[in-house]
Amino acid sequence: MQRVPADPIDELRRRTSAKWRLYPDDVLPLPVAEMDYPLAEPIAEALHAAIRRSDTGYASGGEPVAEAFAEFATARLGWAVDPARVTTTADVSMGIVEVLRQTISPGEEVIITPPIYPPFFDLVTEAGGRVAEVPMAGGLDEGWSLDLTGIEAAFARGARAIVLCNPHNPTGLVHDAATLAALADLAARFRATVVSDEVHGPLSQPATPYVPFLTVSDAAREHGVAVTGATKAFNIAGLKAAVIVTASERGDRVRDAMPQEVGWRMSQFGSIASVAAFRHGGPWLDGVLASLDDNRRLLAELLADELPGARFRVPDASYLAWLDLRALGWGDDPAAYALEHARVALASGPDFGTQGRGFARLNFACSPEVLGEAITRIADARDSSIG
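According to the working numbering, the sequence shown holds residues 16 to 402 in order.
Hint data in this document are derived by calculation from the structure and do not stem from the laboratory. In this text, a Cβ means the ideal position worked out from N, Cα and C, and glycines have one as well. Treat each hint with caution, since some may be false.
Just the calculated beta-carbon pair ranges, DEER-fashion [what the hints assert, rightly or not]:
hint	residue 1	residue 2	range
1	Ala99	Asp233	37 to 43 Å
2	Val42	Glu276	48 to 54 Å
3	Gly154	Arg312	34 to 40 Å
4	Trp35	Ser400	25 to 31 Å
5	Ala193	Asp320	35 to 41 Å
6	Ala193	Thr31	19 to 25 Å
7	Ala193	Ala64	24 to 30 Å
8	Ala59	Ile401	23 to 29 Å
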């Protein structure tokens, strides 16, 4: 498999995206979920062509994106999607909020499963709901899983929806079909909605392919709404593009009730890039997955050799490592210590919920050299702190 190499660090520092502008140049930035790989050539060419023809107006609607996504889902994900049941929007977070606004009443509870992508806490309240936390079961040793008993209890207390992270961020868990089907059965029993964030799905490793929620059962199709896009897999988050997907008349009513403006929020460049990604980006994505596979294994080796007190479970999806750094004695937020003393920026564990105390999230979608330098810096800081 032809790997996609990361861009050189000097070239990366010329980027103006958040990852490369939030910290001084002496910091290795590994918290923000952006990849250091060059843009896929079919996407770059499609965007350059749009510039050459001054094609910078409003996006013309979601039909081209819906059709391209349906082709991609069928060919790559084993997911039969009806393009007529796809609504475009600007990003996955916005899509989650819009779905929740149609499926809960103000003040009703929405389940999230910490440790979890930090914006989930705010998305629920933005939609008018109240957060009901049902932490993930398991852990580093045995692996994580949804706490279905806890989710059932939360539904029984009145929660009207759950925001599922499929695959799970930050643990890299790929939920299996049986677990997702059991969740769908619970949603059906309590007449609740599963809002499934599946934007990391295409980044699952081939040995553990992710299962789209809407494929697991009739109950899932009836009570689920998926929100996804090309943004994470193809590193185009700044172009603002996502899709909301349903697979039943109940789901269709959720999309149809949304303000018309929701479908117009996808940017023109987001539309153009998404179509190019879904139709022509497969070889590039395969190369990125191979590079990520190398790096997740390298990270395990680096931690074992240089930072044996740190604990880590190799993720099955995406490029995010959930690190248990409690043995280092750096307090509830080891990312803060690492930034100050190692000049390595990590995502703060407590931001993912109280379950993240003593943890940090590391983005390994970088060069092996940057990854190695980051762990060496953290190890040196550890040695200094105990020296």
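**Message:** Tell me the numbers of any earlier hints that the structure contravenes, in ascending order.
**Reply:** Of the numbered hints, 1, 2, 3, 6, 7, 8 do not hold.
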